[in-house]
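Visitor: Generate coordinates for the entire structure from the input sequences, incorporating the hints supplied.
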Amino acid sequence: MRAHLPQVWRVAHRILRHREDTEDVVQEVFLVAHRSLAGFRGESRFSTWLCRIAVTRALNHLERAEEKVRRSSLSIDATAADGAPDPNPGAMRGELVDRSPSPLRTLESRELMRRLRDCFEKLPSTWRAVVALRDGEDRSYEEIAAVLGLALGTVRSRLARARLSLRECVGGESS
Amino acid sequence: MTDREPEHPRELLSAWIDGEVTPEERAAVESHLAGCPACRDLAEDLRALSGAVASDEPPPVPEELPARVAWRIRGESAAARRGASRWLRVVPLTAAATLAAVALLVTVVVHQNSERGTQVTPAIQAPYPGPARVSPELEREAQEAAARKKQAQAPGAVASKRVALQKPALAEVRKDAGVAGLEEAKVAPEATSSEQNAVPAGKTGPPAAAATDHAPIATRYRSDRSELATAKPSAAEVAPEAQGGAVGGVLGGVENQESAAPPAAAYAPSPAASPAETRRARALAASGGTDLAEPSAKVIKGEGFRDLDVACGGSWSAMQPLSWRLAASERERAVGDLGTLVDGLGGRLSIPSGPGFPTVLTIGIPRDGWDELRTALKKRGIEGVALDAHAGERVACLRVEIRLED
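Note that the protein sequences, when read in sequence, are chains A and B.
Going left to right, the first sequence walks through residues 1 to 175 as this note's numbering numbers them.
Going left to right, the second sequence walks through residues 1 to 406 as this note's numbering numbers them.
Hints were generated in silico from the structure; no laboratory data involved.
Computed from a predicted model, the values in this text were never measured in an experiment.
Ideal placement from N, C-alpha and C gives every residue a C-beta, glycine not left out.
Careful, some of the hints might be misleading.
Not the full set, but computed from the structure, chain B residues with beta-carbon under 7 Å of chain A [unchecked claim]:
#	residue
1	Glu11
2	Ser14
3	Ser50
Stretch-level coverage of chain B by chain A, calculated; a stretch enters the list once three of its residues show a Cβ under 8 Å from a Cβ in chain A [as the list claims (entries may be wrong)]:
#	segment
4	60-67
5	372-383
Okay, the calculated beta carbon distance ranges per label pair [claimed, not checked]:
#	chain 1	residue 1	chain 2	residue 2	range
6	A	Glu111	B	Glu372	54 to 64 Å
7	A	His34	B	Glu25	37 to 47 Å
8	B	Arg40	A	Arg45	47 to 57 Å
Guide: Given below as structure tokens:
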């Protein structure tokens, strides 16, 4: 357990962004893993299996607190092609209107991180998971697809949408 | 490039910065970037964002989390073991309930027979619910056998012999009843004491072994004799623990037990309850209905602490914690073991949230489990545990501060 705890902790925290929630979810993850150990068929690496449980549990936890997303100032009316609500539908349309230097790169790093965290919490939970696994945990698209049970193309499009939404959100707050 | 992004390959840009594109896609993106400053800006932004997310490291794993996880896993394993033993306990409780029903049934039958002027000897009353449940053929056979023996024996012995001769009839009826739990009742050691508690010896109850044999017969008899079934108490009325067991089967009784924790006000110890169950139920009542032995409630936060406050009388939280010196390498196992012990006594051990050791554990325990706890704590080198200093009416509480040795 000790060997895998840091990984589970990191993944869960990157999705949840809340210490107490993460503690609860991590405990859940290991309890579930303990119960299901007999059912682990070795089709994937143990760490991938554990990571999948962690992501699923974290997403379930977020779903239970979905009102947090609804409190977001961003619109979630539109629904992305892959089923997740798109907080920033314009981001994928190839509209590059603002040609001024990106506010993202002019922000002081502490302010950037503050905004990034705020904006991250506004993302649909499934998008958070993709960003957390790719940018946070440096997982390949293939690994992410295995953990989340998605097609490679879905991982790619979901990640792109999430990043573009984050960019719009972080940059938009400065204008 | 996809159809959706004829001018600016935004989705591909995201994959391109990750190196997750095919050679053809890479060539297309790079060709586009060469002539599109906006997309170059976008690619830079995406890189910056990706880097920012990566650098936003989660906090380190809380030091006490491994112990908490280990403890919860142990708790669940212990609960699973308890669940299995509870399963075995429910069967005798069900048997005790049906036995009580049999006793009442016998009384009713005897009363009816008396009103009709039928003579029923005391020797027959006790072990048998009544003659009506025995098939006429078996009854006749028994009577014939009794008649054959009658000439060779004294008249006073007829009644007891008749009991012995009817044993095969009982076995046959039991087989028909098909109560699988009966066999379990036989192997559960608690069956004897429970049933003896439920039916005082020497009155309407037979010896424990006979009681076990008769339990399923009551079920059969109840369905065969509906007019009598309405006149006797249900299993639930006799023993709440057995609710659902006698009618719905053994498993039904377990499910009811699992899902329907009694409210504190409704708690009334069953005479058939084991000491551990009684302790647990008392603690439950004292804690305002929170099940102290529920594994998921062992790590208490927020609301849970207030429950313990109430249960412990309020002033306990100001008490000086007892000191527990532990090697750092030992703490995980030691705390887990203590948790299992407290759990077994029907109490609750809480590991408060917060970073780092040493930390203060809180233990709430039913008062009648106190001596055992004190002995166990003493063995662990935790001294100075006095019950009166920090006990509520039914639940005693104490705090233990873990001090790590290096």
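Visitor: Among all the numbered hints in the text so far, which are the ones the structure does not match?
Guide: 5, 8
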